[in-house]
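Given only the sequences and the hints, what does the whole structure look like? Please build it.
When we follow UniProt numbering, the leftmost residue of the sequence shown carries the number 1, and every step to the right adds one.
Rather than coming from a laboratory, the hints here were simulated on the basis of the structure.
Among the clues, some could well be false.
[What the hints assert, rightly or not] Once the Cα atoms are required to be at most 25 Å apart in a straight line, the calculated SDA-like pairs of lysine to any residue come out as:
1) 60 x 73
2) 76 x 62
3) 72 x 88
4) 60 x 102
5) 60 x 75
6) 60 x 71
7) 76 x 90
8) 72 x 56
9) 60 x 70
10) 72 x 50
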Amino acid sequence: MIDYRTYPRITGSLRAHSDIAERLHYRGDTDELLRRRQQSLNTDSRKTITWHELQQLFLKNNSNSAIESQIKQLRKYAIEFVGSESDSSSTDSVCIYLFESFR
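Next comes the structure, spelled out in structure tokens:
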């Protein structure tokens, strides 16, 4: 049987004969950390518009019946994508997605 206590531990040997321990204290670039934090704050702070707000925005700026029919048509397409059994919040999110993709 092999007595493992007589052999040195491989992690201790690696630390003693390499520069692994020095790299453990590397903190990285602080500018990169600040940039990533700012980027995450920017993505979180973006205002998301709801379907109701988007409808009101269209109808407020244009009182054209063609725009109303196009809004209704977009809503019908969203209902076809999601399914008629789904709730209105998922239908609204698909409406926004369709609007964003065809914008």
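Do the hints match the structure? See the list:
1. 60 x 73: At roughly 18 Å apart (the allowed maximum being 25 Å), residue 73 and residue 60 satisfy the hint.
2. 76 x 62: 21 Å, holds
3. 72 x 88: 14 Å, holds
4. 60 x 102: Given that 25 Å is the threshold and the Cα spacing comes to 21 Å, the pair holds.
5. 60 x 75: 18 Å, holds
6. 60 x 71: The hint holds at about 13 Å.
7. 76 x 90: 13 Å, holds
8. 72 x 56: Distance ~13 Å between residue 72 and residue 56 Cα, so the pair holds.
9. 60 x 70: Status holds; Cα separation ~15 Å.
10. 72 x 50: Within the cut-off at roughly 16 Å; holds.
When held up to the earlier numbered hints, the structure conflicts with none and fits them all.
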